[in-house]
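These protein sequence lines are chains A and B, in that order. If you use this note's numbering, the first sequence corresponds to residues 1 to 204, in order. If you use this note's numbering, the second sequence corresponds to residues 1 to 204, in order.
Just so you know, these hints were derived from the structure itself, not from any lab. Please note that a few of the clues may not be correct.
Repeated chains share a single entry, so a pair holds when one copy, or any two copies, can fit it.
Stated by the list, open to error - Below, a list of computed lysine to any residue pairs in the SDA-like style, where the Cα atoms sit at most 20 Å apart: (1) Lys14 <-> Arg178; (2) Lys69 <-> Ala143; (3) Lys138 <-> Asp30; (4) Lys72 <-> Val196; (5) Lys69 <-> Arg201; (6) Lys14 <-> Arg31; (7) Lys14 <-> Gln76; (8) Lys131 <-> Arg111; (9) Lys97 <-> Ala26; (10) Lys72 <-> Phe197; (11) Lys14 <-> Lys97; (12) Lys118 <-> His73; (13) Lys141 <-> Gly41; (14) Lys72 <-> Gly202; (15) Lys112 <-> Arg31; (16) Lys69 <-> Asp115; (17) Lys14 <-> Lys112; (18) Lys118 <-> Asp59; (19) Lys141 <-> Arg169; (20) Lys137 <-> Asp43; (21) Lys97 <-> Glu165; (22) Lys131 <-> Glu100; (23) Lys131 <-> Asp46; (24) Lys112 <-> Ile142.
A quick note: this is a predicted structure, and the numbers were derived from the prediction, not measured.
Number of protein chains: 2
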Amino acid sequence: VGNISDKNTRLHIKSEIRVLGIDDSALLSDRIMIVGAVFRGGDWLDGVLRSEITRDGMDGTDTIIQMIKPSKHFVQLRVIMLDGITFGGFNPIDIVKLNEETGLPVVAIMRKYPDFEKIESALEYLPEPEKRMDIIKKAGKIAEVTTFADQRASPLYIQWAGLEEEDARRIVQQTSTRSNIPEPLRVAHLIATGIVFGESRGKA
Amino acid sequence: VGNISDKNTRLHIKSEIRVLGIDDSALLSDRIMIVGAVFRGGDWLDGVLRSEITRDGMDGTDTIIQMIKPSKHFVQLRVIMLDGITFGGFNPIDIVKLNEETGLPVVAIMRKYPDFEKIESALEYLPEPEKRMDIIKKAGKIAEVTTFADQRASPLYIQWAGLEEEDARRIVQQTSTRSNIPEPLRVAHLIATGIVFGESRGKA
């Protein structure tokens, strides 16, 4: 299980720590745009990455790795944040592999506690349902986090790989500067929806 | 001439004033993506708009008006900033019309003082060169602005419509929080290049 790996090291969280937040866009076709927002801490946008994955495919993990590693931002990045662990429908992101292949800690953020029974039934209609479920389960333990921005807001749920739970919590809290979700994910979502629909909408 | 219009009123510049920065993307095809970044002052991204204009066309002004007016952000916007007054090659943006039809002050920002002779020769190879040149000249007086972010940096050049020169200078300076160009334009540029090339590049 990813988030109890021996390789976890303590994360040094500076205020301008470079965080890449990745979100997907709407399911409008078979190719789904994914957007990465490179942030300095919770403060400002330093770069934008874009790639494409297959709707309900199995190429999400490798596509994200290929989007990140050749980027000029790669050497400065310290954390990857994902909007959940399935992108573009049920294209599962293997956060353990993503951590291993990039050397970067990964934190996946969810607004709701995942309903595994519902996910498992949905996967039955897709190829390789067991393989997808294995990747989803591999993300390990789920923790609840209340972000600093608004103590009254609903909590977030996180999964992580390559860092300690406490550090995963801290980086989520520290980057949630403008709302109750981390700024790199809020902005990746605004960009992804704005580009696809012509105007940004909703919440990451 | 736009920037000496009688209708100019003094602009009340609050720290969270909503500014829309618009930039175009690279000339990769005949349809050029334009991106609008809705900012709160120089601080944070509030929304993303996207539309498309014709390379070397004449549809830039109307497309920008149509991108802005139906937006949910429209009622909150107080200023429009443009990366220059020609988009997508030589598609000229009529800043006086843009101001009149949206009711919003417009500031166009350039990194270099425009070379009108060079522009005029280039326009000879396009349809309606006089009409394009008229739109470009209509933008009026050009002023030099040094932004606060780095006094040693090269100055910017601005043209404006629907506000006083002093207010145009102030809003450019006040929103240049992270670099020597206004944050709404810096971010619109990162998004436009990131989406088109897969990774953001260069300066607005």
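Here's how the hints hold up against the structure:
Both within a single protomer and between protomers do Lys14 and Arg178 lie at most 20 Å apart by alpha-carbon distance, with minima of 18 Å and 18 Å respectively. Neither within a single protomer nor between protomers do Lys69 and Ala143 lie at most 20 Å apart by alpha-carbon distance, with minima of 28 Å and 43 Å respectively. Neither within a single protomer nor between protomers do Lys138 and Asp30 lie at most 20 Å apart by alpha-carbon distance, with minima of 26 Å and 46 Å respectively. With identical chains, the CA atoms of Lys72 and Val196 are at most 20 Å apart between copies only, with a shortest distance of 16 Å across copies and 25 Å within one.
For the identical chains of this complex, Lys69 and Arg201 are inter-copy neighbours only, at 16 Å across copies versus 29 Å inside a copy, given an alpha-carbon limit of 20 Å. Taking identical chains as interchangeable, the C-alpha atoms of Lys14 and Arg31 are never at most 20 Å apart, the minima being 36 Å within one chain and 42 Å between chains. In the homo-oligomer, the alpha carbons of Lys14 and Gln76 lie at most 20 Å apart inside one protomer (12 Å), although the nearest pairing across protomers, at 34 Å, exceeds that limit. Neither within a single protomer nor between protomers do Lys131 and Arg111 lie at most 20 Å apart by alpha-carbon distance, with minima of 24 Å and 53 Å respectively.
In this homomeric assembly, Lys97 and Ala26 never come within 20 Å of each other (Cα to Cα): the closest approach is 25 Å inside a single copy and 34 Å across copies. Taking the shortest Cα distances, Lys72 and Phe197 sit within 20 Å of each other only across copies (13 Å), while inside one copy they are farther apart (28 Å). In this assembly of identical chains, Lys14 and Lys97 lie within 20 Å of each other by CA distance neither inside one copy nor across copies; the values are 25 Å within and 47 Å between. Within a single copy, Lys118 and His73 get their C-alpha atoms no closer than 37 Å, and across copies no closer than 37 Å, so neither meets the 20 Å cut-off.
Taking identical chains as interchangeable, the C-alpha atoms of Lys141 and Gly41 are never at most 20 Å apart, the minima being 25 Å within one chain and 40 Å between chains. In this assembly of identical chains, the alpha carbons of Lys72 and Gly202 lie at most 20 Å apart only when taken from different copies (12 Å versus 30 Å within one copy). In this homomeric assembly, Lys112 and Arg31 never come within 20 Å of each other (Cα to Cα): the closest approach is 26 Å inside a single copy and 40 Å across copies. Neither within a single protomer nor between protomers do Lys69 and Asp115 lie at most 20 Å apart by alpha-carbon distance, with minima of 32 Å and 41 Å respectively.
Neither within a single protomer nor between protomers do Lys14 and Lys112 lie at most 20 Å apart by alpha-carbon distance, with minima of 28 Å and 37 Å respectively. When the C-alpha separation of Lys118 and Asp59 is checked against a cutoff of 20 Å, the pair qualifies neither within a copy, at 22 Å, nor between copies, at 48 Å. When the C-alpha separation of Lys141 and Arg169 is checked against a cutoff of 20 Å, the pair qualifies only within one copy, where the shortest distance is 13 Å, while the shortest distance between copies is 53 Å. Neither within a single protomer nor between protomers do Lys137 and Asp43 lie at most 20 Å apart by alpha-carbon distance, with minima of 33 Å and 39 Å respectively.
Taking CA atoms no more than 20 Å apart as the test, Lys97 paired with Glu165 passes inside one copy only; the shortest distance there is 18 Å, against 55 Å between copies. Only within a single protomer do Lys131 and Glu100 lie at most 20 Å apart by alpha-carbon distance; the minimum there is 19 Å, versus 58 Å between protomers. Taking the shortest alpha-carbon separations for Lys131 and Asp46, neither the intra-copy value of 36 Å nor the inter-copy value of 39 Å comes in at or below 20 Å. When the C-alpha separation of Lys112 and Ile142 is checked against a cutoff of 20 Å, the pair qualifies only within one copy, where the shortest distance is 11 Å, while the shortest distance between copies is 53 Å.
Checked against the numbered hints given earlier, the structure breaks hints 2, 3, 6, 8, 9, 11, 12, 13, 15, 16, 17, 18, 20 and 23 and satisfies all the rest.
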